[in-house]
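Protein chains in written order, with numbering that gives the first Met the number 0: chain A, 0 to 345; chain B, 0 to 345; chain C, 0 to 345; chain D, 0 to 345.
Derived by calculation from the structure, the hints in this document are not laboratory data.
Here the structure is a predicted model, which is why all the values come from computation and not from measurement.
Possibly wrong hints are sitting among the right ones.
Since the list can't tell identical chains apart, any single copy or any two copies may satisfy a pair.
Claimed, not checked - Calculated cross-link-like contacts (lysine-lysine; reagent style DSS-like; alpha-carbon spacing at most 27 Å):
id, residue 1, residue 2
1, Lys-279, Lys-188
2, Lys-267, Lys-31
3, Lys-60, Lys-188
4, Lys-2, Lys-86
5, Lys-57, Lys-279
6, Lys-31, Lys-2
7, Lys-248, Lys-165
8, Lys-86, Lys-124
9, Lys-139, Lys-86
10, Lys-251, Lys-188
11, Lys-60, Lys-118
12, Lys-57, Lys-267
13, Lys-118, Lys-1
14, Lys-86, Lys-279
15, Lys-1, Lys-188
16, Lys-279, Lys-60
17, Lys-107, Lys-118
18, Lys-57, Lys-248
19, Lys-251, Lys-60
Protein chains: 4
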Amino acid sequence: MKKIRACIIGASGYTGAELIRILYRHENVEIKALAADRNAGNEMYDIYQHFITANLPKVVKLSEINMSDIDVVFCCLPHGTTQEVIKNLPESVKVIDLSADFRLFDAKLYEQWYGHPHKAVDLQKQVVYGLCEINGEQIKQARIVANPGCYPTSASLPLVPLLQKKAIEHDGIIIDSKSGVTGAGRAEKLANLYCEVNEGFKAYGICNHRHMPEIEQTLSEAAGLGVQVHFTPQLVPMNRGILSTIYVKLSKGLSANDIRTILQDRYKDSPFAHVLPQGKFPSTRDVYGTNSCIMAIAEGRNAESAVIVSVIDNLCKGASGQAVQNMNLMFGLPQTTALQDLPLFP
Amino acid sequence: MKKIRACIIGASGYTGAELIRILYRHENVEIKALAADRNAGNEMYDIYQHFITANLPKVVKLSEINMSDIDVVFCCLPHGTTQEVIKNLPESVKVIDLSADFRLFDAKLYEQWYGHPHKAVDLQKQVVYGLCEINGEQIKQARIVANPGCYPTSASLPLVPLLQKKAIEHDGIIIDSKSGVTGAGRAEKLANLYCEVNEGFKAYGICNHRHMPEIEQTLSEAAGLGVQVHFTPQLVPMNRGILSTIYVKLSKGLSANDIRTILQDRYKDSPFAHVLPQGKFPSTRDVYGTNSCIMAIAEGRNAESAVIVSVIDNLCKGASGQAVQNMNLMFGLPQTTALQDLPLFP
Amino acid sequence: MKKIRACIIGASGYTGAELIRILYRHENVEIKALAADRNAGNEMYDIYQHFITANLPKVVKLSEINMSDIDVVFCCLPHGTTQEVIKNLPESVKVIDLSADFRLFDAKLYEQWYGHPHKAVDLQKQVVYGLCEINGEQIKQARIVANPGCYPTSASLPLVPLLQKKAIEHDGIIIDSKSGVTGAGRAEKLANLYCEVNEGFKAYGICNHRHMPEIEQTLSEAAGLGVQVHFTPQLVPMNRGILSTIYVKLSKGLSANDIRTILQDRYKDSPFAHVLPQGKFPSTRDVYGTNSCIMAIAEGRNAESAVIVSVIDNLCKGASGQAVQNMNLMFGLPQTTALQDLPLFP
Amino acid sequence: MKKIRACIIGASGYTGAELIRILYRHENVEIKALAADRNAGNEMYDIYQHFITANLPKVVKLSEINMSDIDVVFCCLPHGTTQEVIKNLPESVKVIDLSADFRLFDAKLYEQWYGHPHKAVDLQKQVVYGLCEINGEQIKQARIVANPGCYPTSASLPLVPLLQKKAIEHDGIIIDSKSGVTGAGRAEKLANLYCEVNEGFKAYGICNHRHMPEIEQTLSEAAGLGVQVHFTPQLVPMNRGILSTIYVKLSKGLSANDIRTILQDRYKDSPFAHVLPQGKFPSTRDVYGTNSCIMAIAEGRNAESAVIVSVIDNLCKGASGQAVQNMNLMFGLPQTTALQDLPLFP
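Please build the complete structure, drawing on both the sequences and the hints.
Take a look at the structure:
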């Protein structure tokens, strides 16, 4: 098989680096071009010393890349800059966008949360939301995939099947999420400094984070009506991992065990979505460096409610791993290719 | 003033060590005796090397202590062992118990959650629950104080005034709490090992933790009716700190701003309970090593709900600091004595 | 090609778990049996929850394994227990021992440092010391390989070529090493607890650690005369990684640049040993989860001395990764098989 | 007693914040003014949220401070900016400079290491090097004190008495130091980001760090001849703490025990310098948040050499704590005032 020629735009961020880690071992992919305008002319090991042992192309400006040599583009640019970049790519190229620029399908909602008008409204219509376990069939046909946010992936994988089955009530859902610090990216700002983060825990953007409308869009589609969620993102002093604690009210007559069974049935053939048996709960460590999502369900304080715990690696299943999973689907490969490693522990 | 002669029973655990740190600088206290049966005969610096520069009494067996030389006992024994120890102390000694043995006032509830009958039911009637900001007046008169649990302290300080004022609905309260690892004590077990904890986040005891009935007891008393809460304790890879994220439904006609005002009024003269202005949220770092509780309120997803964030240092305000605050109250001292230091940061 | 049937004895420790991680992705290996006497009857995910998604054999007692079904045994037992276990294995089985039991070739030296007589002196004569970059040819012929210690690997890879070439003086070598906490294993003891280790740094076993004679043995062989080193092991609050800072005196007429060139020449074809150019220094992060050793050389305070920095992942190149590299060599496979992944960062 | 009116210039860095923490509890000090030009107009809690509970003056520009109201200035400005600032302070003000600007007494050496000519050569002559345990008597008389660097403090406290007594050889001293991340300050740069630092260890500035000439200056004065040291600074993923591992050759006829005795004698009346008995070694945790320096001595590989381990809290004894100790000495106060707290552990 001819190798897929991949290009990463925005290779200098953490999601870019994680993509390189995964694609480098992908037997069907050649990393053909790496773009990062501010870092153009450098080797990747100048940007990330841990690539010193890797054989990678030199970093170039986006404008220097001949897109006719490229089969797939991974776009890792900051939010707000991607719509125009992707608009200008040739039709021959498949695109997986890791930014938030194409995740919200309602242009008004986009403008409300991102502060500027959507710049590629027509293109948006072609886009498929790349939550692989839910939209796998459409992804296979897609040219452009909007790779889901990290928090939304952790919340939607357990909630979508339950809302589709009407197993839980659609209102009053509370998603209390905790993320490792890579979720904040590689920006050189005070809040990201080691000494500010280490030995502390804090909440930010309570019910006011851009991933909230993204989650609501996915859940509303699943429920067939408008769903609103309380969503709190929080910062854990660790590099990788998201754990979402989700509080739901059960539909009449159903128990926590029932909804566990629903999820187990739904994901029984999934290579990446796992549901733990009663009494077991996941740690983010259980998915460190992997593309897995592990879920568990406990009874709430009373029999009418349940608490769902869901973990992913925010950089992998929450970003670059799912991006490669999307690529695998789009190119007809087994979706697990290059994504089968066991977690790194400890 | 004659110094208060203090004795710590169970000095070898983390709460014992934290008590020593605080009492050592207390101008009105002499650390007279340290008991730890398994470590009897050792110096404290054999148990904790960081005490190498301190001048402390040798560790002895409890039975070796002459209680007529003691004015106050801090009891830091494991849960389940304290009831009989305290029963046997002379009336002349005031007692602050940091275990859970006297926190639940309903002996049946105690038995249900702790798995054995209460062994000092009569004594229980004398006990005051030592949540200083709420029960300050009773504490001043008490001979025995049950020092509150760490999670309950973080949850009750914001919730009690709101329930007393009927500013929030008493049902459906969700308390999603995150704790540093000192909360698990100094036990030599797998789950406490560095390599198991570091770089991970996990939930444990979902809606099934012994602090849940303790919280409910306090909130029910505040509300004047039975309150049930969904409570999830979680483990953060850091030494100290608890952050509780609390989801509440507002009483009709009230806003998030209203309940902030209620809390600000309630705590405006408190040296330890602080309520942040709108738009500010605390980190556990803001209370590192201190006896403070800092609270903040955000709007929920809709105007009928709010999210409360509350932070404490679990070892200090959540245990030994509050214990000294209780002692200060019981002995007629300013409650801030030895507790006024600013947080250690970074 | 028929798969190599591998057995891990002592699968429940960190090196056992790391072996599973690597062998699970090895295209030429089948993990045939996992032994851990105390954990016999369990699944690996009962011992390490992160294996919940893996398809692995159940853990059994060593005595339950039919060794005629096994081609290679990885022995991960504690020091002192391995000599008799390996003595009893059939000749048909190749053995890679990750304990220290066969690393010291002088039985008296072994007894002096390990406190009991060597129990398999005859077997010792067959053993090859598995420092792959140095002893590759002998390893290819070996039946039993003593997998080097983590500190010795980090120190010997830079020092052996320099001593062989007489480029540095053989006396006065100082090896100041720093290790992540996995180096201490999974023992449930106070010194390994999260709250004892986190936010601290300490030395232990100064010039009195069992890896010192192991290093000296390797260096003496390289130098052709007795070499003594000052060796200080130290503990860093992180899971993985060793960095050794090595102070050497240069042979007359040679500069720091000269010895860098010697190492670069020596390792120019090595897939795992890398020497950085002047002015660059490695972090342990650069080898996180990989089998690489990265070295760098700086001038000392004067032109007659140099400082060498060397990093490895203590669990991978320092233990299980090198063990698989040894297996690859022993079975005629490319030594990089299953060991080519890029580091996990961040 | 009238309170000492203190001013901190450069209050927004970590050493400024640590000074506030210590001075806030100092019974003889009033924090009168806080200057930080870029942050002028803010409250300290806008710069550091953990000051939310403190009652502190608003931050102003340096030019706004009336220096006739000030008794002592702590200067926490970046290196290179302090010489002119201090030159312009009135004679009535005592000065403790936490930068490196007045630490090197040879203006040429200063220029060589700091890259620009010394701008206050005359003033330099008045300056006393504020290593309290060594220069206590001169400090009492000083108007301007150059507060020592963190690494130099950790290295000089054990080495100065030994060189003064000629108990160790003055050449070939190796100082391998490891520091927490606060040592790098609060600069918003890539190398200081949480995800870059966490889970890693690295060396930087090998035998090329500005603290090396500072150490050599102090040791040369102690030895009465020119001393050169090999000095390697390294970064540990933790907030606070320095541990220096120091390799020395013993003078003829002396043993490791002898030099331990020399240090014990020298520091037997010191409130902050402690020497551990044989077989005990300090962790940086033992001095967390305190002004102590704890030292220990081990035999090296042979009887002619020794290994010294020394720990301090880099922000406290290594910076702001020692600065307050200097102030105490300069104002005739007990040097321990405000510096007596036990370490925070865990």
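Results for each hint:
1. Taking the shortest alpha-carbon separations for Lys-279 and Lys-188, only the inter-copy value of 18 Å comes in at or below 27 Å, while the best intra-copy value is 38 Å.
2. In this homomeric assembly, Lys-267 and Lys-31 come within 27 Å of each other (Cα to Cα) only across copies, at 25 Å, whereas the closest approach inside a single copy is 36 Å.
3. For the identical chains of this complex, Lys-60 and Lys-188 are neighbours both inside a copy (25 Å) and across copies (23 Å), given an alpha-carbon limit of 27 Å.
4. In this assembly of identical chains, Lys-2 and Lys-86 lie within 27 Å of each other by CA distance solely inside one copy; the values are 25 Å within and 49 Å between copies.
5. For a Cα distance limit of 27 Å, the shortest separation of Lys-57 from Lys-279 across copies, 19 Å, qualifies, whereas the shortest one inside one copy, 46 Å, does not.
6. For the homomeric pair Lys-31 and Lys-2, the shortest alpha-carbon distance inside one copy (10 Å) is at most 27 Å, but the shortest distance between copies (34 Å) is not.
7. Proximity of Lys-248 and Lys-165 under a CA criterion of 27 Å is satisfied in both settings, with 11 Å inside one chain copy and 24 Å between copies.
8. In this assembly of identical chains, Lys-86 and Lys-124 lie within 27 Å of each other by CA distance solely inside one copy; the values are 12 Å within and 67 Å between copies.
9. Taking CA atoms no more than 27 Å apart as the test, Lys-139 paired with Lys-86 passes inside one copy only; the shortest distance there is 21 Å, against 56 Å between copies.
10. In this homomeric assembly, Lys-251 and Lys-188 never come within 27 Å of each other (Cα to Cα): the closest approach is 48 Å inside a single copy and 41 Å across copies.
11. Proximity of Lys-60 and Lys-118 under a CA criterion of 27 Å is satisfied intra-copy only: 22 Å inside one chain copy versus 45 Å between copies.
12. In this assembly of identical chains, the alpha carbons of Lys-57 and Lys-267 lie at most 27 Å apart only when taken from different copies (21 Å versus 42 Å within one copy).
13. Neither within a single protomer nor between protomers do Lys-118 and Lys-1 lie at most 27 Å apart by alpha-carbon distance, with minima of 35 Å and 56 Å respectively.
14. Taking CA atoms no more than 27 Å apart as the test, Lys-86 paired with Lys-279 passes in neither setting, with 46 Å inside one copy and 39 Å between copies.
15. With identical chains, the CA atoms of Lys-1 and Lys-188 are never at most 27 Å apart, being 43 Å at best within one copy and 42 Å at best between copies.
16. Taking the shortest alpha-carbon separations for Lys-279 and Lys-60, only the inter-copy value of 26 Å comes in at or below 27 Å, while the best intra-copy value is 48 Å.
17. In this assembly of identical chains, the alpha carbons of Lys-107 and Lys-118 lie at most 27 Å apart only when taken from the same copy (12 Å versus 60 Å across copies).
18. Taking the shortest alpha-carbon separations for Lys-57 and Lys-248, neither the intra-copy value of 53 Å nor the inter-copy value of 38 Å comes in at or below 27 Å.
19. Within a single copy, Lys-251 and Lys-60 get their C-alpha atoms no closer than 57 Å, and across copies no closer than 48 Å, so neither meets the 27 Å cut-off.
Checked against the numbered hints given earlier, this structure breaks hints 10, 13, 14, 15, 18, 19; the rest are met.
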